[in-house]
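Fit chain B to the supplied structure of chain A, relying on the hints for placement.
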Amino acid sequence: MLAVRAIGLRPALRASRPSAALFRTAKRQIKTETISQAEARLILDRQRLHRPSSPHFTIYEPQVTWLLSIAHRVTGSALSVGLYAFFLSYLAAPVVGIPLDSAHIVEFVHGLPEWIKYAGKTVIAAPFAFHSLNGVRHLVWDTTKLLNNNA
Amino acid sequence: MSLVGGVVARQCARSGFGFTTRTIASSARLSLAQPVPKEQPAEPSAKAPLVKEFKIYRWDPEQPEQKPRLQSYKVDLNQCGPMILDALIKIKNEMDPTLTFRRSCREGICGSCAMNIDGQNTLACLCRIDREASKDSKIYPLPHNVYLGPAALLHAYRWIADSRDSYGADRKEKLQNTFSLYRCHTILNCSRTCPKGLEPGTAIARIKLEMATN
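Residue numbers (our numbering), protein chains in the order written: chain A, 197 to 347; chain B, -2 to 211.
Chain A with its partners taken away, still in its complex shape (with noise of 0.2 Å):
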């Protein structure tokens, strides 16, 4: 490492020039043009007209973080389906002549076997409580209290 005199660089720069055919520049194999950023710019929007989207939910390694999530969505959704069915179920019933009051079914959850009824409460209430303590994780996170696991 040059250290810096009083006299200055010019005699260590002088010992170290490197010959002048070094600096010749090579003859350019390539042929370029020069085009305006107008047109480069058009050629990219062309470009991107045809980008292919890259993909991201497919190669994504899985995660507590969004495995919980898309569990919290599945969860949702299959609730609201579960929940609009019974709601509409309610017009559909005295039309299709089937009544749908309290004791109907009890008297018709009554007579199904042991294993249906079990199958069917955990199949119900395993999302449900799933899907609420979720939620309230992600109401304590609005909050922005929570959001992050470092120590």
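A portion of the hints provided could be inaccurate.
What the hints assert, rightly or not - Listed below are several chain A residues computed to face chain B (Cβ distance under 7 Å; list not exhaustive):
hint : residue
1    : P248
2    : W337
3    : T340
Claimed, not checked - Result set (EDC-like, lysine to aspartate or glutamate): computed pairs, CA atoms no more than 16 Å apart in a straight line:
hint : chain 1 : residue 1 : chain 2 : residue 2
4    : B       : K135      : A       : E257
5    : B       : K193      : B       : E104
6    : B       : K132      : B       : D73
7    : A       : K341      : B       : E207
8    : B       : K169      : B       : D159
9    : B       : K71       : B       : E129
10   : B       : K87       : B       : E50
11   : A       : K341      : B       : E196
12   : B       : K205      : A       : D338
13   : B       : K135      : B       : D115
14   : B       : K205      : B       : E170
15   : B       : K52       : B       : D115
These are calculated hints, taken from the structure and not from any lab test. Quick reminder that beta carbons are idealized off the backbone N, C-alpha and C, glycines included.
Chain B only, in chain A's frame:
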């Protein structure tokens, strides 16, 4: 070596601390210097090539009708630096010059080389290559979206939160639409992957709170 260190070294030389005791100008000493025969470094022991396959998502804007594809490149990890960016540069230099990617600081501070490596969004210059040669490494670009990403929103929050900035209301006004801010569903992949621990998720939550409570 600092300027001070250089001066001290020369003064030591002058006083004869085991060096030549000639008091001469630095430049002259250089021209009179005798090259010290360096010990030849031992030939790098020929390591068996450790070949790893990299599958890189490619698309040619000059041929847009051609569907994007995963192109395979085989790289000898023993002749390559430790980071994914080193492998990409090696591929570009030696195998396929048409491979295109952004890069700048190569030290994990500028963010130019952000891409999806093996399913996680990271910086190529900070991501070590997995030395397991039997597994291939998949490299995808980041998706380009209509909405603002976590980096942009973090930057926006930096200004909204700054009490010295008088344009807070305008900034929040700009975010009042379906796409800019409210496409965020608090998935929190961004905070998890940030190599600098910047917590964009927290910043975005703070913007939302401010926009809701004003």
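Here's how the hints hold up against the structure:
Interface restraint check for P248(A): the shortest CB-CB distance to chain B comes to about 5 Å, inside 7 Å, so the restraint holds. Hint status for W337(A) relative to chain B: holds, with the closest Cβ pair at about 5 Å, below 7 Å. Residue-level restraint check for T340(A) holds (minimum Cβ-Cβ distance to chain B is 4 Å; threshold 7 Å). Distance restraint check for K135(B) and E257(A): the Cα-Cα separation of roughly 11 Å lies within the 16 Å cut-off, and the hinted pair is therefore satisfied.
Our distance criterion of 16 Å between C-alpha atoms is met by K193(B) and E104(B), whose separation comes to about 12 Å. In summary, the hint linking K132(B) to D73(B) is supported, as the alpha carbons are separated by about 14 Å, within the 16 Å threshold. Pair hint K341(A) plus E207(B) holds up; C-alpha atoms about 14 Å apart against a cutoff of 16 Å. Of the pairs offered as hints, the one joining K169(B) and D159(B) holds, with about 13 Å between alpha carbons and a cut-off of 16 Å not exceeded.
Pair hint K71(B) plus E129(B) holds up; C-alpha atoms about 13 Å apart against a cutoff of 16 Å. A threshold of 16 Å between alpha carbons decides the hint, and for K87(B) with E50(B) the separation of about 13 Å falls inside it, so the pair holds. A threshold of 16 Å between alpha carbons decides the hint, and for K341(A) with E196(B) the separation of about 12 Å falls inside it, so the pair holds. For the hint linking K205(B) to D338(A), the alpha-carbon distance of about 8 Å falls within 16 Å, and the restraint holds.
The hinted pair formed by K135(B) and D115(B) meets the criterion: a straight-line CA distance of about 5 Å does not exceed 16 Å. Restraint check for K205(B) and E170(B): satisfied, since their Cα atoms lie roughly 12 Å apart, inside the 16 Å limit. Among the hinted pairs, K52(B) with D115(B) is consistent with the structure: their alpha-carbon atoms are about 10 Å apart, no more than 16 Å.
Consistency with the previously given hints is maintained throughout, with no hint failing.
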